[in-house]
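Asker: Protein chains in written order, with the UniProt record's numbering: chain A, 1 to 267; chain B, 1 to 267; chain C, 1 to 267; chain D, 1 to 267.
Hints are computed from structural coordinates only; laboratory data are not their basis. Hints may contain errors.
Pairs of lysine-lysine residues, derived as DSBU-like cross-links and limited to a Cα-Cα distance of at most 30 Å, are as follows [unchecked claim]:
id	chain 1	residue 1	chain 2	residue 2
1	C	K170	C	K250
2	C	K145	C	K114
3	C	K251	A	K145
4	C	K145	D	K160
Computed beta-carbon distance windows for the label pairs [as the list claims (entries may be wrong)]:
id	chain 1	residue 1	chain 2	residue 2	range
5	A	L266	C	V192	35 to 41 Å
6	D	D267	A	L266	49 to 55 Å
7	A	L266	D	G50	32 to 38 Å
To list a few chain A residues with every Cβ distance to chain C over 10 Å, as calculated [said to hold, decoys possible]:
id	residue
8	A29
9	H233
10	R238
On a predicted model such as this, the values are computed, not experimentally measured, just so you know. We put the CB at the ideal spot given by N, CA and C, even for glycine.
There are 4 protein chains.
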Amino acid sequence: MSQTIRVAVAGATGRMGREVVKMVLEDSALELVAAIATSSGPVDAGTLVGKADTGVLVSSSLADALSTSRADVLVDFTNPKSAMPNTVTALAHGVRPVIGTTGFTPEQIVELDKQCREQGIGGLIAPNFSIGAILMMKFSAMAAKYFPHVEIIEYHGDQKLDAPSGTSIKTAEWISEARQELRQGNPNEEEVLEGARGGYYNGFRIHSVRLPGVFAQQEVVFGAFGQTLKIRHDSYDRAGYMPGVNTAIKKIMNVTGMIYGFEHFLD
Amino acid sequence: MSQTIRVAVAGATGRMGREVVKMVLEDSALELVAAIATSSGPVDAGTLVGKADTGVLVSSSLADALSTSRADVLVDFTNPKSAMPNTVTALAHGVRPVIGTTGFTPEQIVELDKQCREQGIGGLIAPNFSIGAILMMKFSAMAAKYFPHVEIIEYHGDQKLDAPSGTSIKTAEWISEARQELRQGNPNEEEVLEGARGGYYNGFRIHSVRLPGVFAQQEVVFGAFGQTLKIRHDSYDRAGYMPGVNTAIKKIMNVTGMIYGFEHFLD
Amino acid sequence: MSQTIRVAVAGATGRMGREVVKMVLEDSALELVAAIATSSGPVDAGTLVGKADTGVLVSSSLADALSTSRADVLVDFTNPKSAMPNTVTALAHGVRPVIGTTGFTPEQIVELDKQCREQGIGGLIAPNFSIGAILMMKFSAMAAKYFPHVEIIEYHGDQKLDAPSGTSIKTAEWISEARQELRQGNPNEEEVLEGARGGYYNGFRIHSVRLPGVFAQQEVVFGAFGQTLKIRHDSYDRAGYMPGVNTAIKKIMNVTGMIYGFEHFLD
Amino acid sequence: MSQTIRVAVAGATGRMGREVVKMVLEDSALELVAAIATSSGPVDAGTLVGKADTGVLVSSSLADALSTSRADVLVDFTNPKSAMPNTVTALAHGVRPVIGTTGFTPEQIVELDKQCREQGIGGLIAPNFSIGAILMMKFSAMAAKYFPHVEIIEYHGDQKLDAPSGTSIKTAEWISEARQELRQGNPNEEEVLEGARGGYYNGFRIHSVRLPGVFAQQEVVFGAFGQTLKIRHDSYDRAGYMPGVNTAIKKIMNVTGMIYGFEHFLD
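Could you put together the complete structure from these sequences and hints?
Answerer: In structure tokens form, the structure reads like this:
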């Protein structure tokens, strides 16, 4: 591709948004053309991420930013409330949305797909941009076909509120779709300590470990006669999601319609 | 030590008993002089374990076997019901008991200690002969002093009835004694799947994984700012306990009184 | 399938052969109809594996055994020297060969494929029947496409003669075919201890650990910005290969031609 | 301790120095009283680490800074060339040195110990402040007494120049001192790929994995009949060393003489 892709970033002052700004600035195939954040004063986007000035000031109006910047792609890491209107605004300007926020209803996705097709452009809504996490889920589903006995152990920081993690539940769904129905374990099993056997999901168990020092890790363990197979993904920081976002920005240029789930960009 | 130690084995036809018979036959510093099992006909102890005849027939009376064999040590892997009378019988014959069965009360241990001292000999009651498992527990207690944030994940075969395992509870006790009081995790934590956070023990969590193909494994994970420390013991079969039983047979010759816990034989 | 599959086992007295005999006896969909071993006297095949008599005596002539037993499938775990003539004999009797021995040349495989097709039956030559090991290799190749930075660490017993293992080299081949060309690591890297960086294979490294207590384990580790992905297979004993052999016996009934590699039976 | 400890930081603008400045500012039991760096202009130490102004300007003269600041402790993360004169300067001002730099000769340490004792104060020179790494080394040495068969696998970023790591060599030394002499492995072992078996150290092997995404990890694996014991330390960033530096600052107040190795501060 000889031309650079022009990228706008919404939520640019957030933790993920800054990583995106940095990643875009570091890839010569991409050009940062707008940075949007509701709460920040007019600061240069380079300053946000400890880099040289870029000439792109953080602005508070997405519509204005898209009108003037001629962006090809909008990357949005805002919040569930803003993501839908931002996506609509992007499509209205013919800008391809790459959305890393959850909370869209199936009806909204259908509607956004229709708008994408009317514009003849592509869009992506993805709860998880980690290539490693998606491969882990994909391999787990493939393995479950041959090794139906499985448990998931996921590790996150000790201040996380919900257990088990969204990724582990997603993994469990994929495994359930792939494997034969099975209720694992001894039917007469007894918990001496309540909860020791973990959370029950469709015949198997998910265990949530919460410890300081851990960012996000997950191990899927399959057991069969005389062997175990383990698939483990360790995520050490937010930067680990950037290769996925980078891939999405480039691939979105060549698709039409709204895609749900980054896994569709891995062949 | 120039003389061989004369060993009797009670519960010789059981799964652990056979391993003990085999281990004794393979160590030239030890001599098998008696094998006791209530339920078996008069078969040579060598035959039991797929080895050449030893001249030692399996007998059903412990008292008779100890009277005639001049054993130095009795290794007992029978069951909670037989272990106490067997220990008393051994001491009455001046034979040092090495007992791998649980279920003794503190009062019984005090009484057996008294009998040992009257005879001027040593004895050992040990729920776990695995050197590796004991080191894991010991290191975990040591680490807990510096890294109070900890969780235990233990793995056993999928037909095991109780969860968590005895070893994991023992480990949890040792950790609790060593570390400062601490209730880990976010106080507002919520379980989307009940039990996901594992069994609660004195401020931290124990997770029990049950899968076919696994014999006995345990990982103790400590988390602190920017780091994790893991201590993991994987046991692949019963033979892994034999180095511990071998050590016990040799060390018991030089102690007086009834010792509880194999860890006292590791310096 | 309402009819049982009639199975002959060559190399029945070997370590793998016994596992096959046991596995066949334990699956009601299979029937043991012949057991062949050159070196053994006429013993019942059940006795070999500590089971009740089967009425099948171990015989020393493969041709005779196949003539009289009307076997559907011959499972052969002999040795590279015997495997080729055994396969030819099986095909001459219209018996489907399932061969777990290495050492066939490409020319031999082409020739055997021709013979299979003339008979209208299937055959399989597979260096590795471990479903888990094959999934590990397959997932590794898939991951290498996205994560080109990889190293392999394999663990075997401390008396193994060759390093690295055949499985690790096979894995390395699959990875190499899948990933972009890449010479990993710092070009100015220096080994303070020679060999510390492991064996070099096509741009990346293989490390061979040899320890007592380990049967066969392998971990493939991918590293990328902010994350690692690990695929690990732990094999605890020979019995772990039996689900693969079992699958092969059943699937071979429905194919024509000689197949090389058990991975073709995993969809 | 009711009084805060007054801390000066040399090498304050370096990667470790900044972490120390931040850690001191965040602990109310410590007070930052001086920050020294040769190359930097007069900037507030708080600015260096993205915090509010502290009133402490980074100065270029250690002697001046110690004269005016009445520091109790000097933390030095400079370089091997500066560390010795800095330590001498600190002692001349009656300031306790806590030195995280390597390169001192045994003679220098003897001389510095003498100077400490003349001043009646303590000092520490420590190549590694990671409590987790030191526990890993300590446990490894303890385990080696019972499990003499061991290998070390260490993981670092793919741009690291030397292999194996300093920590792995230190671990190997500790293991060698603790265990019986032993040359592991099959004497007739052959490397199909040269280097596959890793670097040889006193009878056992060290393997160095280099991958992007990894900061510093090490696993020490012990193998014995039927079991493995693993001790693993994963370090995710420099901040993980700060609890050790913090402990050192506090403990150094109560010792006399120059101590070599942070392990002496762990009981």
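Asker: So, for every hint listed, does it hold in this structure?
Answerer: Each hint, compared with the structure:
Pair hint K170(C) plus K250(C) holds up; C-alpha atoms about 26 Å apart against a cutoff of 30 Å. A distance of roughly 35 Å separates the Cα atoms of K145(C) and K114(C); the hinted pair therefore is violated under the 30 Å criterion. At most 30 Å may separate the alpha-carbon atoms for a hinted pair to count; K251(C) and K145(A) meet this at roughly 16 Å. With a C-alpha separation of about 24 Å, the suggested pair K145(C) and K160(D) falls inside the 30 Å cut-off, and the hint holds.
Between L266(A) and V192(C) the beta carbons are some 39 Å apart, a value that agrees with the proposed interval 35 to 41 Å. For the pair D267(D) and L266(A), the supplied restraint of 49 to 55 Å holds, since their beta-carbon distance comes to about 51 Å. A hinted range of 32 to 38 Å holds for the C-beta pair L266(A) and G50(D), which are about 37 Å apart. With 10 Å as the threshold on Cβ separation, the claim that A29(A) sits away from chain C holds: the shortest Cβ distance comes to roughly 17 Å.
For H233(A), the shortest C-beta to C-beta distance to chain C comes to about 5 Å, within the 10 Å cut-off, and the non-interface label is violated. Chain C draws R238(A) into its interface by the beta-carbon criterion, the shortest separation being 7 Å against a cut-off of 10 Å.
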